[in-house]
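These protein sequence lines map, in sequence, to chains B and F.
If you read the first sequence in this note's numbering, its first letter stands for residue 1, the second for the next number, and so on.
If you read the second sequence in this note's numbering, its first letter stands for residue 1, the second for the next number, and so on.
No wet-lab data here; the hints were simulated from the structure.
Hints may contain errors.
Coverage of chain F stretches by chain B, computed from C-beta distances (three or more under 8 Å per stretch; other residues unrestricted) [said to hold, decoys possible]:
hint : segment
1    : 164-175
2    : 278-292
3    : 312-319
4    : 536-545
Heads up, the beta-carbon is just placed ideally off N, CA and C, and yes, glycines get one too.
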Amino acid sequence: MFRTGIEPPERVWWKKVHKTEKVWVWIAFGWCMVLFAMMPLWHARGGQNPSGIRATVGADAFRDRVNEFIADYQVGTDGNIPVVEPPPGSDIYLEAAMWYWRPVLRLQRGAEYTLHLSSLDLNHGFSLYPLNINFQVVPGYDYGLRVTPNEAGEFHIVCNEFCGIGHHLMVGKVIVIDPPAAADAGTPSDRADVGSDASADAGGGR
Amino acid sequence: MNAFRTCPTTGLKVHSQADALIKANAVVATVTLLIGGIAALLVLLTRWQAVLLLDAEMFYRMLTVHGMNMLIFFIIFFEMAVLYFASAVLLNARVPAAWLGWVAFALMVVGTVMVEWTMWTGRADVLFTSYVPLRAHPLYYLGVILFAVGALVVVGHFFAILVVAKREKTYEGSVPLVTFGALTAAIIAAVTLLHGAIIYIPTFLWSLDMMPVDPQLYRLVWWGLGHSSQQINVAAMVAIWYLLGAFTVGAVVLNEKVSRSAFVLYILFISMASAHHLLVDPGFGPAWKIWNTSYFMYMAVMASMIHGFTVPAGMELGMRLRGATQGLFGWLKRAPWGDPGFSSLVFSVVVFGFVGGITGVTFGTEQINIIAHNTLRIPGHFHATVVSGTAMAFMGVTYYVIPLIFRREIAFYKLAKIQPYLFAIGMVVFSMAMTFAGTFGVPRRHWDISFSMAPFQPEFSPAVDLIIGVMAVGGLLGIVGGAIYIVVTVVSVFFGKRIPEGESGLGMEGRGLPLGITNPPRPLTSADDGSDLESRGWLGTIPGTMVLVLIFLLAFITYYFVNWNLLSFVWRVG
Ligand code: HEM
Ligand SMILES: [Cu+2]
Ligand SMILES: [Cu+2]
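Construct the complete structure from the given sequences, taking the supplied hints into account.
Dropping the structure here:
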């Protein structure tokens, strides 16, 4: 006999499952296995994974690395933010703090970089616009992501983790340029639209 | 004085202290819903960039107020009422230590007041997640701790009621499925609140400069609280689905074994849930993320897919057994759509499944999270789960709690009948538009997506303005629905027409009583074993539901793979 969910069930309720219900349970189970299998599969075959190289880093140490990185590869400034153009394949550093991203990065399309993200103060959110690539930036942690830009253009980094009253002011920039013709590969591109006013306070300023 | 009254409608024996505790918790829940709702309006009119009502500081403050009042205070106070109802009332049991119930209630109220004070005075502009090292006033953390301790006491009290009922043999055999569901919610709540203690006590000490707290560890343990508590909401909501199904259309339980096992799956795999929020965090490796985000290979998702089937199937079978046998969907046509309890139930199941469930599983996939984390897709998702699912179910059950527990007729019953429609349609439009805006990368928790004062001004696609406009319209409609709910419940509870003692409400149509009370579904007998129902091959005796869940599966598969496809276009990253 059937009962509703507010009545105590019959004494013995461990009964054989009706065929239709069984069919659905197996369909659901099968689908769940597909959902599960997709993640390892994408690690093996897909190009976008949040694995990265993960380490801890203190705020001071990270800031030193960023400054060194800027000193090595600065090609100009944009507003008062240094612009750097690191060689393809290198480690690049992006500092998040209330409320700026530093430096502005100039990258080459098709080249792989290891992008290190960390914060000097609170949690911040790395959101590359308009691509919609999002990563959490946590103070004390170095998130090293191997990225390969696949199109040239100007991109922005929006902060999408609440980081205080100036949260909406926190916007950075990434410029992706086409790789130079084979011969002069490796020298900073002269197509820079910001390269002219390289200022003396490289790496400092803030 | 007799401590029990017999409910003339259901025949259940209700302990007077159960009555009182349910009332107290439900009333405070409604007050916090009102506060959260006012904040919702302000936040909505600010995110609607064309209006931009509040300044930045007030926006984040009201967003904190909205999140805390809705997600924590409203939902949990209501759940406390559900726990008392599903134990003491459904089992005809007494409340063994009523004073403890009142101590717990007082703790929760005091905690709430402390948190409200810090939030409204600008001492806790940290959003409900309060990620360390964002810092709030110590009383904010202490308030949360008191609230959680109070809730933990109620959970313990619930277990005690079950034990007393068993010992005093107030019911026969096993507890009903609805109580079993509430038990599931209570067990998860115990685990969850423990996480709460583990994280809020150190954070409280940290706010007093007495110890350090690691930001990544904080996120891990905090979400052990934050996401598991969503599973409390899901379990409580599913229990109410079975309850409303029984009240409104006499829904039957297809198979107790299957439904109960599905609840057990929730209990087993819930503590892993915090990974959903940490998929693009630096602190954890892929193996940990995959294992945990899938709750042990999606066993909790499977549980929800089972309930999402057995609830409508039980409704369909219950109605077919009572003669609604025409075609695939004749039972839906004959269903009591004018009963706000029923319409709330249907919307809760459908929106939770189709919008909330599908988006949730998709965004909670390790790699797909890269294109979803902290965008508007996330609030889009959870306004379809905890709002259109849980809050909607809670609203629906209120239309039965008012006559059965408060013993009042529902005021403005005509308005009450359309309330679920307004709220559901509004919230569907709102959450889908939000989710859609998020696919363009529009961030959540953000005051100014025109970035007018930032050093650089990324420009969102013009489509975004339109979508945000649609979102605002949906949100406003939802707020109207929510406001009607509050007006109806407050007026009914305090000024509604009393239902005379001993009056069952049977046959009293045209009054402020839902159909499940005036015209309850005919009780089934052992002759109703379904043997005279037509069975359509593997669609069995519930062909309508089977067709519906297959449509659901198709939508799920499509959305899921569309998102993998979207992901494959962005930069390679790893
Ligand atoms: C008609 C009703 C509602 C409307 C119009 C509404 C609107 C909103 C809006 C506009 C946001 C801000 C999204 C953002 O900027 O990130 C938000 C956030 C949120 N809402 Fe609602 N909401 C409603 C009801 C609810 C209910 C009933 C609940 C919970 C049960 C809820 C829980 C939340 C939570 C937890 C957040 C996130 C807060 C945060 O990110 O810190 N909302 N809501
Ligand atoms: Cu930030
Ligand atoms: Cu921010």
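Quick rundown of the hints versus the structure:
1. 164-175: holds (count 5)
2. 278-292: As far as the segment 278-292 of chain F goes, the hint holds, because 11 residues have Cβ atoms under 8 Å from chain B.
3. 312-319: holds (count 4)
4. 536-545: holds (count 5)
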